[in-house]
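Student: So the chains spell out like this:
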Amino acid sequence: MGKNVLFSLAFRNIFRNVKRTLISMTSIGVVSMGLILFFAFSDGFNASLKRTLKNYVSGDFYISNKKFKDYSDINPLGFLLEESLITPLLEGNPNWVATPVLETMATVYENGSFQIGLGVLGVEFNQDIKEKIFLTEGRYPVYNQEDSKVREIIVGDIFAKVNNFKIGDEIVLLSSTATGSTNAMNFTIVGLVDFGVENFNANYSAIPLELAQRFLFASGYVTRYLIYVEKESDIALSLEIFNNYLASSNIEEKVIAFPWYETEVMSFLTVKNINVNIMALLFFILGSIVIANTTLMTVLERKKEIGVLRALGMRKLEIRVLFFIESFLIGFIGSIIGILVGCILTIPLSYWGVDISTISKNGGKVLGPSEINFLVTSSGILTVFTFSIVINFLISYFSTIRATKISPRESMSS
Amino acid sequence: MNFIKKLSFNCLVFLTSSSFIFSQTASEIIGKWDNARSYPSAKIEGVITVKDQFKITNTSFINYSRGDVDTLIEFTSGQEKGQKILRSESEIRLFYPDSDRTIILKGAQLRQSILGSDISYEDLTSIKKTEDEYDATILGEEDINGQSTWKIELKGKIKGLAYPNQIVWISKKDPVALKAQYFSSSNKLLKEMELLDYKVDKSYVIPTDVIFKDAIKRNSDTAMKINSIDLDAPITDVTFSRINTSF
Chain A
1 MGKNVLFSLA
11 FRNIFRNVKR
21 TLISMTSIGV
31 VSMGLILFFA
41 FSDGFNASLK
51 RTLKNYVSGD
61 FYISNKKFKD
71 YSDINPLGFL
81 LEESLITPLL
91 EGNPNWVATP
101 VLETMATVYE
111 NGSFQIGLGV
121 LGVEFNQDIK
131 EKIFLTEGRY
141 PVYNQEDSKV
151 REIIVGDIFA
161 KVNNFKIGDE
171 IVLLSSTATG
181 STNAMNFTIV
191 GLVDFGVENF
201 NANYSAIPLE
211 LAQRFLFASG
221 YVTRYLIYVE
231 KESDIALSLE
241 IFNNYLASSN
251 IEEKVIAFPW
261 YETEVMSFLT
271 VKNINVNIMA
281 LLFFILGSIV
291 IANTTLMTVL
301 ERKKEIGVLR
311 ALGMRKLEIR
321 VLFFIESFLI
331 GFIGSIIGIL
341 VGCILTIPLS
351 YWGVDISTIS
361 KNGGKVLGPS
371 EINFLVTSSG
381 ILTVFTFSIV
391 INFLISYFST
401 IRATKISPRE
411 SMSS
Chain B
1 MNFIKKLSFN
11 CLVFLTSSSF
21 IFSQTASEII
31 GKWDNARSYP
41 SAKIEGVITV
51 KDQFKITNTS
61 FINYSRGDVD
71 TLIEFTSGQE
81 KGQKILRSES
91 EIRLFYPDSD
101 RTIILKGAQL
111 RQSILGSDIS
121 YEDLTSIKKT
131 EDEYDATILG
141 EEDINGQSTW
151 KIELKGKIKG
161 LAYPNQIVWI
171 SKKDPVALKA
181 QYFSSSNKLL
191 KEMELLDYKV
201 DKSYVIPTDV
211 IFKDAIKRNS
221 DTAMKINSID
231 LDAPITDVTF
241 SRINTSF
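Chains A and B, in that order, are what the protein sequence lines are.
Read in order, the letters of the first sequence are residues 1 to 414 in my numbering.
Read in order, the letters of the second sequence are residues 1 to 247 in my numbering.
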C-alpha cells in the first residue's frame, strides 16, 4: 500500500470520529499548554532575579575592593573602592556602561528616637539609573555642589506609604560612616519610586552619589562599580581586560571583579533550577500518563478495526504506520494548539506580570522582585513540542504493536 | 593560758583593725580619685588618634566640662569637624552640622563608637561618683610604669552600668588611675586603659596621654592626647544649652 494512501486513510480516520480526535488533541493540548505556562513562569522568575541582580548587585560584572565580599556583612563601609584606582580602566573602555554605587543602611530619626531602618543608595542619576528606578511621583534628586543645604532624596513608594512620608517632607538619617564614626543629615523627599524590587520599595532610598559620599565621609570612594557591556558574550573578554589592567597597575591586592554568574545569588538560582527541573520532570510524567491514557484508549478501542484491516490483507507494518501517522497528526496539531494557547495566555502575564509583592517584600534585594513577568523561550517551546510528539508517538507505537499482535479473528470478536 | 588569750586577743584586734583600715583606704583612694578629676570647670583641647589595621586618623577636639555632669565635646578637624556631643544629667545628645535636629542616643545606640574609636558613647554615661556605683576592694599593690599603685577592684552595685566590673591601678603618688581594665558582668575583659602621662593642676589631676584598647577588636587602639588645659575658662550655662549647640 502506498504512502499517500496511508496518509489519506490516516487523515480520513482523524475526521471519522471527531469526538475521539478532539479528546486526544485536547489532552495533548492541555498538557502542552500547562508545560508552556510552567516553563514561562520558571524562566520569568529566573529573568526577574537576573534583572534585579544585574540592576542592583552585580551589573554584568562588578568591581569592588578585594576585601569587600568577605567583610561586607561586618563592616560594609570599611572596605570601599577607591574610584581613582579604576578611573583609567573605565576611561579606556568607553563602550562599558559604568554605574558607581555607594550603599549604607541608615536609621530614620523621628520624634526623638530611631524609628526605622532605611537603606540608602548613592548613585549617579543618569539615563541608565532612570531606566532602573522608576518615578511613581515627583522627580529625581539633584546635587547642588554650591549649596550644601540642598539634600534631596527619593524613597521607595511602599516605604513612604507605610511611614506616612510624602513629597516635601524632611527626614533625618543617621548612619555609620567610612571613618567608623556616625553622621546625621537632613534630606528632603523629592520623589517616590519603584525600584522593581519589593524589598527596595519597602526599605530603600536613593540620593546623588556625591551627596552619599559627603554623608558617609567617603569622598572618592564607592561600594562598587556595576559594569554593563553590550552583549553577554563580551563579559569574559571584559574581565580579561580588567585582569590585564590590574596586573599592569599593580593593584591586584586592592581590587577585584566578579561576573554576575559568579555571585552568591547564582548558587541559590542553581538550587532553585534543580528544584524546578524536578518539578518539570514530575509534570512531564503526569503529562505522559494523560497522553498515554488517551492514546492507549484510542488504539485499544479500535482493536476490531485493526482486525478488519488485517483480515482485508493489510500488513502489520502498514497498520502501525497508519496509526503512527494518525498519532503524529493528532499530537502535532494538539501540541501546536496547546503551545499557541499557552503562549497567548502568557502575553498578559508577561506584559503585566504576576504581583508577588506581598510574599517577596522581605526577600532581599535580589530575591524580592515585585512581580514575575512570564517569559516564553524558544527552548521552552521546543522542549514542550518535542515532549508531546515523542510521548504520543511512543505510546501509540507500543499500543499499536500490542493491538496488531492479536489475530484478526480475535480482534474482530473482541 | 593567759598568754594565749592575750595573743589571740591581739591577733583579733590586728585583723579587725587592718580590715577596717583596708576598707577605709579603698574608699579614701576612690574618693580622692573622684575629687581629683571633678574640676569645677575646664576647657581642654586635644587630639584623638584612632588606629586600626588599615588606617590612622587624627581628630582634634575641644572639651568643655563643668562639675561631674555637664560636658560638651566638639570635634574641630577631620570629616567630623563640627560634630558635638552634649552630655547632661539625663541624656546624651549628638549634633551634626548637616542636620537641624539633635539626636538623642538611647539604649543600644549608646554602644556605638565615637569616631570609630575604642571609646563608645556609653563610656560617657557614668556621671555619679564611683562610690555611688561601685563597691571598692583593694586587691594589692603593683608597680605600673615604675610607679607604685593600689590595685583596686570595683564591683558594680547598681544595674545598667556600662562596665559592671573594673580593676583600676591608682597611683600612690597622685590620685590618678594609671591603668584600668573594664569587664562585663560575666567578667569578660571588654576594654583596657593605660595612662602614659598626666598633669597636676591645683588639686586636680588631668590625664594628658591615654590609650584605650577594645579587647574585642584586634590591632586597634585609641590614643587621646591633651594639648591644653584651662581650668579657669569661663564656662556658663549657655555652653551646655541647645542654643549653643545648634547650627
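Derived by calculation from the structure, the hints in this document are not laboratory data.
Treat the hints with care, as some may be off.
[Unchecked claim] Just the calculated beta-carbon pair ranges, DEER-fashion:
(1) B:LYS55 with A:ASN144: 39 to 49 Å
(2) B:LEU189 with A:MET105: 25 to 35 Å
(3) A:LYS166 with B:LYS32: 56 to 66 Å
(4) A:PRO348 with B:LYS217: 51 to 61 Å
(5) A:LYS161 with B:SER38: 23 to 33 Å
(6) A:ILE251 with B:ILE216: 26 to 36 Å
(7) B:ASP237 with A:GLY112: 19 to 29 Å
(8) A:TYR71 with B:LEU189: 23 to 33 Å
[As the list claims (entries may be wrong)] The list that follows gives simulated cross-link-like pairs (lysine to aspartate or glutamate, EDC-like), each with its CA atoms no further than 20 Å apart:
(9) A:LYS254 with B:ASP197
(10) B:LYS55 with A:GLU110
(11) A:LYS149 with A:ASP169
(12) A:LYS66 with B:ASP100
(13) B:LYS157 with B:ASP143
(14) A:LYS149 with B:ASP100
(15) B:LYS55 with A:ASP169
(16) B:LYS217 with A:ASP70
(17) A:LYS130 with A:GLU371
(18) B:LYS55 with A:GLU82
(19) B:LYS106 with A:GLU124
(20) B:LYS172 with B:ASP197
[As the list claims (entries may be wrong)] One side only, chain B facing chain A, incomplete, derived with CB under 10 Å:
(21) ASP52
(22) SER60
(23) ILE62
(24) GLY78
(25) GLN79
(26) GLU80
(27) SER90
(28) LEU94
(29) SER99
(30) SER184
(31) TYR198
(32) SER228
(33) LEU231
Glycine included, every Cβ here is placed at the ideal spot set by N, Cα and C.
Student: With 10 Å as the cut and Cβ atoms as the points, is LEU231 of chain B at the interface with chain A?
Tutor: Status violated, d = 29 Å.
Student: Are SER90 of chain B and chain A close enough, Cβ to Cβ, to be under 10 Å, as the hint says?
Tutor: violated (13 Å)
Student: Take the C-beta atom of ILE251 of chain A and the C-beta atom of ILE216 of chain B, compute their distance, and say whether it sits inside 26 to 36 Å.
Tutor: Because 31 Å falls inside the window, the suggested range holds.
Student: Quick check on the hint: LEU94 of chain B CB to chain A CB, less than 10 Å?
Tutor: Since the shortest Cβ distance to chain A is 7 Å, the answer is holds.
Student: Holds or violated: GLU80 of chain B as interface residue toward chain A, Cβ cutoff 10 Å?
Tutor: Hint holds; GLU80 of chain B Cβ to chain A Cβ min 5 Å, cut 10 Å.
Student: For the pair supplied as a hint, LYS55 of chain B and GLU110 of chain A, is the alpha-carbon distance within the 20 Å limit?
Tutor: Roughly 34 Å between the alpha carbons, so the hint for LYS55 of chain B and GLU110 of chain A is violated.
Student: Holds or violated: LYS172 of chain B with ASP197 of chain B, Cα cutoff 20 Å?
Tutor: holds (15 Å)
Student: Checking hints one by one. Is ASP52 of chain B an interface residue toward chain A, by the C-beta closer than 10 Å rule?
Tutor: holds (8 Å)
Student: Per the hint of 23 to 33 Å, is the separation of the Cβ atoms of TYR71 of chain A and LEU189 of chain B within bounds?
Tutor: holds (24 Å)
Student: Against chain A, with CB atoms and a cut of 10 Å, does the hint on GLY78 of chain B hold up?
Tutor: Interface hint status for GLY78 of chain B: holds (7 Å vs cutoff 10 Å).
Student: Regarding LEU189 of chain B and MET105 of chain A, is the given constraint of 25 to 35 Å on their beta-carbon distance met?
Tutor: Hint holds: Cβ distance 30 Å, inside 25 to 35 Å.
Student: For the restraint on SER228 of chain B, tell me whether the closest CB of chain A is nearer than 10 Å.
Tutor: Violated, about 23 Å.
Violated hints, listed in ascending order, are 1, 5, 9, 10, 12, 13, 15, 19, 22, 23, 27, 30, 31, 32, 33; each of the other numbered hints is respected by the structure.
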